[in-house]
Amino acid sequence: MIVEIRTYTIRPGKMPAYLKLVESIGLPLQRQHLQKLIGLFVSEVGPLNEVTQVWGFDDEETRRTCRASLLQDGEFRMFMDEAMPMVTQQKSSLVRPAAFAPIG
416 MIVEIRTYTI
426 RPGKMPAYLK
436 LVESIGLPLQ
446 RQHLQKLIGL
456 FVSEVGPLNE
466 VTQVWGFDDE
476 ETRRTCRASL
486 LQDGEFRMFM
496 DEAMPMVTQQ
506 KSSLVRPAAF
516 APIG
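Following the numbering used here, the numbering of the sequence shown begins with 416 at its first residue and continues without gaps.
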């Protein structure tokens, strides 16, 4: 398994609108194309205005295929056109669970 951690920094004052858009449009579309949603988190302490999505995939090739499929979805592209002006920064990293501590 490979885990992708995506962190988005949201413009101050835009978090409620961003989360509503993700809940109603973005996340349902992502669930159609991606594999396992491990969690979606909103920062409480530390850097503020951050949303972190954690997704699990069988392997890197599956992740690439899933992401390509998502980006080809016209509805998702419309979601991105609306959501991305609310985002000031995006970070992504890929990690693997340690063999002695598998994910659920």
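Some hints could be false.
[To be verified] In silico BS3-like cross-links for lysine-lysine, where the CA-CA straight-line distance does not exceed 27 Å:
# : residue 1 : residue 2
1 : Lys435    : Lys506
2 : Lys435    : Lys451
3 : Lys506    : Lys429
4 : Lys506    : Lys451
[As the list claims (entries may be wrong)] Computed Cβ-Cβ distance ranges for the label pairs, DEER-style:
# : residue 1 : residue 2 : range
5 : Glu438    : Val460    : 31 to 41 Å
6 : Phe456    : Arg492    : 33 to 43 Å
7 : Leu463    : Ile420    : 13 to 23 Å
8 : Ala432    : Arg492    : 17 to 27 Å
None of these hints come from the bench; they were simulated from the model.
This one's a predicted model, so the numbers in the text were calculated from it and none came from an experiment.
The beta-carbon is built from N, C-alpha and C at its ideal position, and this holds for glycine as well.
Do the hints match the structure? See the list:
1. Lys435 <-> Lys506: Holds: Lys435 and Lys506 sit about 21 Å apart, inside 27 Å.
2. Lys435 <-> Lys451: Roughly 21 Å separates the two Cα atoms, so the pair holds.
3. Lys506 <-> Lys429: Since the Cα atoms of Lys506 and Lys429 sit roughly 18 Å apart, the hinted pair holds (cutoff 27 Å).
4. Lys506 <-> Lys451: holds, 19 Å
5. Glu438 <-> Val460: 31 to 41 Å: At roughly 23 Å between Cβ atoms, Val460 and Glu438 fall outside 31 to 41 Å, so the hint is violated.
6. Phe456 <-> Arg492: 33 to 43 Å: This hint is violated: roughly 25 Å between Cβ atoms.
7. Leu463 <-> Ile420: 13 to 23 Å: Holds - the Cβ-Cβ distance for Leu463 and Ile420, about 18 Å, lies within 13 to 23 Å.
8. Ala432 <-> Arg492: 17 to 27 Å: At 19 Å between Cβs, range holds.
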